[in-house]
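Novice: Those protein sequence lines, which keep their order, are chains A and B.
FYI, in our numbering the residues of the first sequence are 1 to 113.
FYI, in our numbering the residues of the second sequence are 1001 to 1111.
Hints were generated in silico from the structure; no laboratory data involved.
There may be inaccurate statements among the hints.
[What the hints assert, rightly or not] Here are a few chain A residues that face chain B, going by a calculated C-beta distance under 10 Å: (1) P34; (2) Y36; (3) Q38; (4) K42; (5) F89; (6) A91; (7) F103; (8) G104.
[Said to hold, decoys possible] Under the rule of at most 20 Å between Cα atoms (straight-line distance), these lysine to aspartate or glutamate pairs were calculated in the DMTMM-like manner: (9) B:K1080 to B:E1022; (10) A:K37 to B:E1099; (11) A:K71 to A:D27; (12) A:K100 to A:D49; (13) A:K42 to B:E1022; (14) A:K68 to A:D27; (15) A:K37 to A:D49; (16) A:K100 to B:D1071; (17) A:K100 to B:E1059; (18) A:K22 to A:E5; (19) A:K37 to A:D59; (20) A:K22 to A:D59; (21) A:K57 to B:E1099; (22) A:K68 to A:E56; (23) A:K100 to A:E2; (24) A:K37 to A:E5; (25) A:K37 to A:D84; (26) A:K58 to B:E1099; (27) A:K100 to B:E1099; (28) A:K68 to A:E5; (29) A:K42 to A:D84; (30) A:K58 to A:E79; (31) A:K22 to A:D84; (32) A:K42 to B:E1099.
Each residue gets a CB set at the ideal place from its N, CA and C atoms; glycine is no exception.
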Amino acid sequence: GENVEQHPSTLSVQEGDSAVIKCTYSDSASNYFPWYKQELGKRPQLIIDIRSNVGEKKDQRIAVTLNKTAKHFSLHITETQPEDSAVYFCAASRGSSASKIIFGSGTRLSIRP
Amino acid sequence: SQTIHQWPATLVQPVGSPLSLECTVEGTSNPNLYWYRQAAGRGLQLLFYSVGIGQISSEVPQNLSASRPQDRQFILSSKKLLLSDSGFYLCAWSVRVDEQFFGPGTRLTVL
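Using the sequences and the hints given, assemble the complete structure.
Specialist: So, in structure tokens, the structure goes:
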């Protein structure tokens, strides 16, 4: 069945440095790739997404890249700040109205002051 | 605007007791509805999803069940809770599949 693998499971970076989280997916029909951020004890919230017709998307300090040939996509956070500390989930979907979103296992990002 | 509600927010139940968690969505029609479970420090496990009233798809064999009696109501149930049912239960909705919105969650502890 469909599968999304996410690495690393934990990541610690110095404040101000960049953080990169990588995901691979198995379903070649996937065409929608969202990223969610979950702060401690709270619900996951969408922070950025990308569709298969785009190779890169940027929103301020956050960017996502997609390589459909290799079936992998990545989240890049630049100039990290303490409030970036959270668990990040990647996901993949076929993008139809009855499709499921398959989530990765999550990355716990810690920002060291 | 659309909102999603879940209750209760927290729940402590003994092993073997029944369970009923409720999720309701406001401000949208015919949403896709989802139940996820998140064990402590773990990822999101999709339990059930529904594309319409009375239509439930189960993802993982378990002692839980789901029902959708109304368009914007999704209920997660169990007849007899197990210790392994403890976790953070999240309901989510989507109209277009390209964005899924999560509810505030129910933290369930089974003792």
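Novice: Compare the structure with the hints numbered earlier in the document and write down the numbers of the violated ones, lowest to highest.
Specialist: When the structure is compared with the hints, none of them turns out to be violated.
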